[in-house]
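Colleague: For reference, the chains in residue letters:
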Amino acid sequence: MMPKGEAPNRRYGWPLAILLVGLLTVPATAAWSDCDSTDPSGTTRQQGQMTKTDKAVVDAGTAAVEAESKSFSMDELIERLKKSDAIGFLTKLTLRSDAVDLVDMVKAYKRDASRYSLADLHARFNGLLLKVLALLNDDPKLSKDISMAREDIWKSLMEVKA
Amino acid sequence: MKYTILFVGMFAGMLCLASPAQAVTQAEDIATTIILRGYACGGRTVSNISESQDAKGNKTIRATCPNGKRYQIHVTADGRVTVRPLN
Chain G
40 MMPKGEAPNR RYGWPLAILL VGLLTVPATA AWSDCDSTDP SGTTRQQGQM
90 TKTDKAVVDA GTAAVEAESK SFSMDELIER LKKSDAIGFL TKLTLRSDAV
140 DLVDMVKAYK RDASRYSLAD LHARFNGLLL KVLALLNDDP KLSKDISMAR
190 EDIWKSLMEV KA
Chain L
18 MKYTILFVGM FAGMLCLASP AQAVTQAEDI ATTIILRGYA CGGRTVSNIS
68 ESQDAKGNKT IRATCPNGKR YQIHVTADGR VTVRPLN
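Residue numbers (this note's numbering), protein chains in the order written: chain G, 40 to 201; chain L, 18 to 104.
Bound-form chain L, shown alone (with noise of 0.2 Å):
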């Protein structure tokens, strides 16, 4: 019976795969944000990410795109974004 279960959910998690709308990625979803304030990165997704927020509820994103620049993506509490490059 387990074996059936498993069966099943691996047959269901392969349609899932094979839906053509997937949602957009949290690197992917940076790297974009980094793109549309004309900054360049070199490739669609970033690595390294490491998110903080302070006490206010403003955030702060930090990400590496494949061209090796590091950015820094600053979100207000308010929703406003800001872009800034690292090195």
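Pulled out of the complex, with its shape left as it was, chain G reads as follows (with noise of 0.2 Å):
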């Protein structure tokens, strides 16, 4: 026969559970990005595990192979950089007023070659695309396509008319 205090703990027994499995595998989940993310040394990393900074070296070898043979759609890029969370709303916007400055700077050159020179646009261009690739530490996969599309933007970007 079970006390009549006992009776409720018998009732949510289950939820009690599901909640205590929550908030063991919140920490860990915690831990385990804290870990992947911030081991400089990596002495306490077991063998046989990659790092980030490992997994970024492989990328950047896979990723010399394949641009060679793939191309990109630049509305398909712009458009994930557009949805991409990584990016707050107004920084997206502040970029979009340099990418504007930048494709104004390529028409005044093609009106008149002596006021800017290609040096200077490329100088530009790299380091609004630089912005760009530290701003999307969060969406590894775009920073990384992006990238690879490094010259195609260029090109395109030449492709502009005056």
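Heads up, some of the hints might be wrong.
What the hints assert, rightly or not - Listed next, the in silico DSS-like pairs over lysine-lysine satisfying Cα-Cα at most 25 Å (straight line):
#1 121/G to 183/G
#2 194/G to 183/G
#3 131/G to 86/L
#4 170/G to 122/G
#5 146/G to 180/G
#6 200/G to 146/G
#7 146/G to 170/G
#8 121/G to 194/G
#9 180/G to 170/G
#10 131/G to 76/L
#11 146/G to 183/G
#12 149/G to 194/G
#13 200/G to 149/G
#14 170/G to 86/L
#15 131/G to 73/L
#16 86/L to 122/G
#17 149/G to 183/G
#18 76/L to 121/G
Stated by the list, open to error - Only some residues are given here: those of chain L computed to face chain G with a beta carbon under 7 Å:
#19 40
#20 46
#21 49
#22 97
#23 98
What the hints contain is simulated information worked out from the structure, not anything from laboratory work. Note that CB positions come from ideal geometry on N, CA and C, so glycine has one too.
Each chain sits in its own coordinate frame; assemble them with the hints.
Modeller: Here's what the structure looks like:
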């Protein structure tokens, strides 16, 4: 015979079990992601495990091979950049302003080549691309694709009519 | 029954917290914009955010950086962004 006081424990036993599993899962996940991102020395990792840096090196190697065969759709990249959660709305607007300024500079260069040099435009383009790639830290796939499409983006920028 | 719903809701909330990809907050977004325009902010978020919008659709945002500097961000109706230090 069960005492009267134990009835609620039995009744809410399974939701409490779910809650406990949830509480145990959250710190474990957080610890895993921390370990993955902030392990500069690699002293605590086990043999055979890849750090983020190792993965980046491997990705860069495969990216170089893929770059030759893969062509990028500019519209698709722009759409993915617009939809990415890694960059805030205001930051996207700021980058868009910079991109519009760069396009205006290219137009001015095409009208009058003495106003800007090609090296100036390329330097500004590289700076803007670097900003985008730095901001896409939380979206590595898009960052990699944009990085691989660097030359295609530059070519399309140079095709802008004056 | 209502406790069951509460517990399931809490569990779902915790799963959301555990997901690695999180959207950028407005405070982080404003701080990034200030830094992108070449101004020192001293951190990745801002505080004391105030917003106003005029009849033409131009938006003005004012915020304070962790280094104590206050900035004004002006967004025109066609999406041009400019940043100006206030102090």
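Colleague: Taken at face value, is the distance from the CA of residue 170/G to the CA of residue 180/G at most 25 Å?
Modeller: With a Cα-Cα distance of about 16 Å, the restraint between residue 180/G and residue 170/G holds, given a limit of 25 Å.
Colleague: Regarding the pair residue 146/G and residue 170/G, is the alpha-carbon distance no greater than 25 Å?
Modeller: holds, 22 Å
Colleague: Hey, residue 131/G versus residue 73/L, does the alpha-carbon distance stay inside 25 Å?
Modeller: OK: residue 131/G and residue 73/L at ~21 Å, within 25 Å.
Colleague: Run the distance test for residue 200/G versus residue 149/G: straight-line Cα separation, threshold 25 Å.
Modeller: holds, 8 Å
Colleague: For the pair supplied as a hint, residue 121/G and residue 183/G, confirm whether the alpha-carbon distance does not exceed 25 Å.
Modeller: holds, 16 Å
Colleague: Please work out if residue 170/G and residue 86/L have their alpha carbons no farther apart than 25 Å.
Modeller: holds, 23 Å
Colleague: Is the hinted pair residue 200/G and residue 146/G satisfied, with a Cα-Cα distance of at most 25 Å?
Modeller: Holds: residue 200/G and residue 146/G sit about 6 Å apart, inside 25 Å.
Colleague: Given residue 46/L as an interface hint, is the shortest Cβ-Cβ distance to chain G below 7 Å?
Modeller: Holds, about 3 Å.
Colleague: Hint check: residue 149/G vs residue 183/G, CA-CA at most 25 Å. Holds or violated?
Modeller: violated, 30 Å
Colleague: Is the straight-line distance between the alpha-carbon of residue 76/L and that of residue 121/G 25 Å or less?
Modeller: At roughly 20 Å apart (the allowed maximum being 25 Å), residue 121/G and residue 76/L satisfy the hint.
Colleague: Verify the proposed pairing of residue 170/G with residue 122/G, using a straight-line Cα cut of 25 Å.
Modeller: holds, 17 Å
Colleague: Taking only the CA atoms, is the gap from residue 131/G to residue 86/L under or equal to 25 Å?
Modeller: holds, 23 Å
Violation of the numbered hints given earlier is confined to hints 5, 11, 16 and 17; the remaining hints are satisfied by the structure.
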